[in-house]
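Starting from the known structure of chain W, arrange chain R on it as the hints suggest.
Line by line, the protein sequences are chains W and R.
All residue numbers for the first sequence refer to the numbering used here, where the first residue is 16 and numbers rise by one.
All residue numbers for the second sequence refer to the numbering used here, where the first residue is 403 and numbers rise by one.
Just so you know, not all the hints are guaranteed correct.
Stated by the list, open to error - Among chain W residues calculated to face chain R with C-beta under 10 angstroms, some are:
(1) A28
(2) V86
(3) L90
(4) T94
(5) S99
(6) A100
(7) W101
(8) A140
(9) I151
(10) S252
(11) V262
(12) F264
What the hints assert, rightly or not - Examples of chain R residues toward chain W, derived with CB under 8 angstroms:
(13) V418
(14) L422
(15) F428
(16) F433
(17) P487
(18) F488
(19) P511
(20) W513
(21) V518
(22) W523
(23) A528
(24) G623
(25) P640
(26) V643
(27) M645
(28) S657
What the hints contain is simulated information worked out from the structure, not anything from laboratory work.
We put the CB at the ideal spot given by N, CA and C, even for glycine.
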Amino acid sequence: MRAVIRIAAWLYAIAIYGFTFLPVVVLVLFSLQATSFPIPPFTGPSLRWYQAVLSDTRLTSALVNSLLVAVLSSLASVTLGFLSAWGFARFVLPGSALLRGLITLPLTVSYLIIGMGLLVLFNWAGVPKSLLAAGIGHVVINLPLCFAIIYSQMGDHQINIERAARDLGAAEWKVLLMITVPVMAPAIFAGFFLSMTFSWDEFVISFLLTRFETTLPVEIWNLLRSGLNPKTNAVGSLVFAISIVLVVFFELTLLRRKPA
Amino acid sequence: MSVSGSNSRALPWALVTPALAWTLAFFVLPFIAMGLSGLTAHEGGGLTLANYSQFFTDPSYWRAMVNSLEVTAIVTVISILLAYPFAWILAEQVPERWQRLALMLAVLPFWTSYVVRSYSWLLVLAQNGVINRALTGLGLIAEPLQLANTRFATVTGFVHFFVMLLTLTIFANLKQLSPSYRKAAADLGAGPVRTFLHVVLPLTLPGIMVGAFLTFVLCIGDYITPQILGGNNELVMPQLVMMQIGRRGDFPLASALSIILMAVVTVAYLACARWLKIERA
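So here's chain R without its partners, still in its complex pose:
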C-alpha cells in the first residue's frame, strides 16, 4: 500500500472527509440539536425534564408507544410467516429461468409511491370500497364493515409492504445455500421435513433476522401507513410526534418523543447487531 509523494497521507483524508463532514453536519449535529431541544421548555425556554416526564406520566403517550410496539410486533411476525413459504416456493418450486421474473412480479407494487400504495388499500377497505361492495353485493353482510381507520387496516397495509421486503431477503438467503447441505442431510437419512427444520431453516435465520430488523425499524418509524389507514382512533408514536409539530408547534416535546422512539430502535439494533454486519466481499 505504498503511494509515492507527500500527498500519501493527505489523500485518504481528502477522500473520506467530505462524507464524514456531511454526516457530522447534517446527522450528528441535528441529533444534538434535537437532544437539546427535548430538554428545553416549550414556553420560555430554560432547561427542563418536563418533556420526558410528560411521556412517562401521561397514559395516552404511553399508549402510543404500546400501540407502536404491538403493531410492529404483529406486522413482523405475520410478514415472516407469509413471506417465508413464498420465498421458499420461488426458490425451490419455480424453474430457475423463471425465478427472476417471478421475483420482479412479486415486488412490482414496491414501485408505486409509498403514499399511493397506502391510499390504494383505502380504496379496497373503505366503507364503500371494493371489499364492502363485494360482500354486500353477494348478500353476505347487510351493513358495510368498518375496515378502514382501524388497526386491521394499518396492519394490512404494513404486511403488504413487508411481505415483499422479507421475500427478497429470505429468497436471497435460500439461493445462497449450497444444495450439498440438503444432499448430505438426505444421505444421512433425514426426510424432507427434518431436513427443512434442522438444516434449511437454521441456515436461513440470518436472512430472516435482517428482514425482521428492517421491518421493525421501518415499521415503528413510519407515519404514512398508520395516518392514512389507521386514522386518528389509535395513535402510534410517529403520529404523536407529527401532531406536536403540526397542531401545536411544540418542537421540544416532538424532539423528546423522537429521542424516546430512537432509543427503542437502538435497543432493537443492539439485540440484532451480530446479524447485521456490513463486510467487504
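In isolation and in its complexed conformation, chain W is listed as follows:
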C-alpha cells in the first residue's frame, strides 16, 4: 500500500512538472533554431534570433524602460508602504482599521480596472500617456503589497528595542533609520523584491498608459501581432534567464535569512 502510494505520488509529480515545464522548454528550444518559424522539427542550434533581439533598439530601450520603471516605482512603493506600516503599527490612530483597509483595497481590484481608472482620470486631466503615468499605476498596485508585508511583520517585540533607543535619547528619525529599518530589513527587501517582479512583468497598465516610449511586456505584445516568431522566443528566453539569475541571487542572499 505504502509503495503503491509512493509510486503514484512520483508519477503524479513527474506529470505536473512535465506540464509546468513543457511550454518553457518549447520556448527556449525553438529560440535556438535559425528557421523563420519556431516550430518542429528542431533543426539545430543557432544564436541568430538572439542577435536579432539585441540589435533591435526598440526592444533594448524597452528593456531599459522596464528596469527604470520597476526600480523607481518599487522604491516609491516600499517607502510609502514602510512609513505607513510603521505609523499604523506603532501609534493608535482614529479609524485605523478603516484606513488600513483603504490602503490595502487596490489588492482586490484587477490591474485592468486600475489601469482603466487612471486612463479615464488622466484623459480628463489632460495628463499625457508616458512611462511616468505607468509608474504611478505600478505604485498603486505595489504599495498595498509592501504595506501588507511590512505591517504583518511588525511584531510587538520590536517596540521594546525602539523604546530603549528613545530612552537613551535617540531622536525619532534616528530610531527610524538606525533601529526600525535594519530590524525590518527582511520584510522591506521582500516587499521591494516582489514589487520589482510585479512591475517588471506588468502589462495592461503600461499598455493603457504609455504610448511611444513603453515597457518590455508591451513591446513583446507588439511582436506577437506577427504570430509565431522566433524573435519572440529569443526575447522571452532572455527575460526568463534574467529573472532566474535574479531569483537565485535573492534566494541565496536576502531571503534566506528568516525574519526575526
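Structure of chain R alone, referenced to chain W:
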C-alpha cells in the same frame, strides 16, 4: 506608547498620510472618474444609464460575462484539483531538505514574463505547433486539431499559471499543520484516508480558499491569456473592455463594463472575506 514632545500627534499622521494620499489620488479618484464616465453618453456627454442598459440588454455583452464566469469557475476547480495532490506530495513525500528546491522548480515558469508564458502555450497548441506535429508524426491524427484560439487553450494557459499559485498557498498551509493532529487521529484509530478527510483537509481549507480567491480575481480580470490563447472567437469581459477603448475610443462604455466586472469581484471578495484577513504577527 508615549512619545515626548509636541510632535507626538503630528508624527503618526505624517507617516501614514503619503500612502493614504497616494491611494486617494490614484486609486479612489480614478475610480470615481470611471464611475462618472460610465454614466455619461459617448456622443455629446450628458448623464445617461445607456452604457449600463446596453450591457443588460445586449446578449453578446451578457455572453462575455457568462464566458468570464464559466472560464474562471472551470480554471479554479481544475487548478485546485491538480494543485492539492501536488502540494501534498511536496509536503509529505519529498524529504524535508529537498522541499525548498522542489518548490522552487515547480514555480520556475512563474519567472518568465506573463505575456511570454501565454505565447509559449501558443507554440505548443498552434496548428503547426508541438502537439499537432507530434500527433500527426505518430500517425494518430490525419489533420491538425484546432487547439489554439479555443476555450480549451485559454483554460490550459490559466491552469498552468494557477496550479503553481495554488501549490504555493496549499503547501504553506500543509507545512503549518502540527504533526500532532495526525498522530492524535491515528491514536484514536482513524486510518490514513479518514485522517485526511476529517483532519487534514478541513485544516487546509484556508489555504485553498486564499488560493481560490486569488485565482478568481486574477483570472476574471486577465486580458492577456484569453486574448493570446482564446483569440476573438469567444470574448471574455476584459477583452470586451479593451475592445471599447481600442477600436472605438468609447471610454464611457469601457468604464461601465469595468465597474460591472469589479462589482462581480467585490461580491466574491465579500463571500470569502473571513478567510482573507491581513493580521499582524
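Hint check results:
The interface hint given for A28 of chain W holds, since its Cβ lies 5 angstroms from the closest Cβ of chain R, which is under the 10 angstroms cut-off. A distance limit of 10 angstroms between C-beta atoms decides the matter here; for V86 of chain W the minimum to chain R is near 17 angstroms, and the interface restraint is violated. With a cut of 10 angstroms, the hint placing L90 of chain W at the interface with chain R is violated, because the nearest CB-to-CB distance is about 13 angstroms. For T94 of chain W, the shortest C-beta to C-beta distance to chain R is roughly 8 angstroms, which falls under 10 angstroms, so the interface hint holds.
Given the 10 angstroms rule on beta carbons, the hint for S99 of chain W holds: about 4 angstroms separates it from the nearest Cβ of chain R. Checking A100 of chain W against chain R: minimum C-beta separation of about 9 angstroms stays under 10 angstroms; hint holds. With 10 angstroms as the threshold, the beta carbon of W101 of chain W comes within range of chain R, its nearest partner Cβ sitting at about 6 angstroms, so the hint holds. The interface hint given for A140 of chain W is met, as the beta carbon of that residue sits about 9 angstroms from the closest beta carbon of chain R, less than 10 angstroms.
Given the 10 angstroms rule on beta carbons, the hint for I151 of chain W holds: about 6 angstroms separates it from the nearest Cβ of chain R. Evaluation of the S252 of chain W hint against chain R yields a held restraint, the C-beta minimum of about 8 angstroms falling below 10 angstroms. Interface restraint check for V262 of chain W: the shortest CB-CB distance to chain R comes to about 6 angstroms, inside 10 angstroms, so the restraint holds. At about 12 angstroms, the closest approach between the beta carbon of F264 of chain W and any beta carbon in chain R exceeds 10 angstroms, and the interface hint on this residue is violated.
Nearest Cβ of chain W to the Cβ of V418 of chain R: about 4 angstroms, under the 8 angstroms cut. The hint holds. Taken as an interface hint, L422 of chain R checks out: its beta carbon lies about 6 angstroms from the nearest beta carbon of chain W, inside 8 angstroms. The interface hint given for F428 of chain R holds, since its Cβ lies 5 angstroms from the closest Cβ of chain W, which is under the 8 angstroms cut-off. Taken as an interface hint, F433 of chain R checks out: its beta carbon lies about 5 angstroms from the nearest beta carbon of chain W, inside 8 angstroms.
At about 6 angstroms, the closest approach between the beta carbon of P487 of chain R and any beta carbon in chain W falls short of 8 angstroms, and the interface hint on this residue holds. Checking F488 of chain R against chain W: minimum C-beta separation of about 5 angstroms stays under 8 angstroms; hint holds. With 8 angstroms as the threshold, the beta carbon of P511 of chain R comes within range of chain W, its nearest partner Cβ sitting at about 5 angstroms, so the hint holds. Taking 8 angstroms as the C-beta cut-off, the interface hint given for W513 of chain R holds, the closest approach to chain W being about 4 angstroms.
For V518 of chain R, the interface hint holds, since its Cβ comes within 8 angstroms of a Cβ in chain W; the closest pair sits about 4 angstroms apart. This hint holds: W523 of chain R has a C-beta 5 angstroms from the nearest C-beta of chain W, less than the 8 angstroms allowed. Hint on A528 of chain R holds. Least Cβ distance to chain W is approximately 6 angstroms, under the 8 angstroms limit. Hint status for G623 of chain R relative to chain W: holds, with the closest Cβ pair at about 3 angstroms, below 8 angstroms.
With 8 angstroms as the threshold, the beta carbon of P640 of chain R comes within range of chain W, its nearest partner Cβ sitting at about 5 angstroms, so the hint holds. Proximity of V643 of chain R to chain W holds as hinted, the smallest CB-CB distance being about 6 angstroms (cut-off 8 angstroms). Hint status for M645 of chain R relative to chain W: violated, with the closest Cβ pair at about 12 angstroms, above 8 angstroms. A cut of 8 angstroms between beta carbons decides the hint on S657 of chain R: the least distance to chain W is about 6 angstroms, and the hint holds.
The structure fails to meet hints 2, 3, 12, 27 from the earlier list, while all remaining hints are met.
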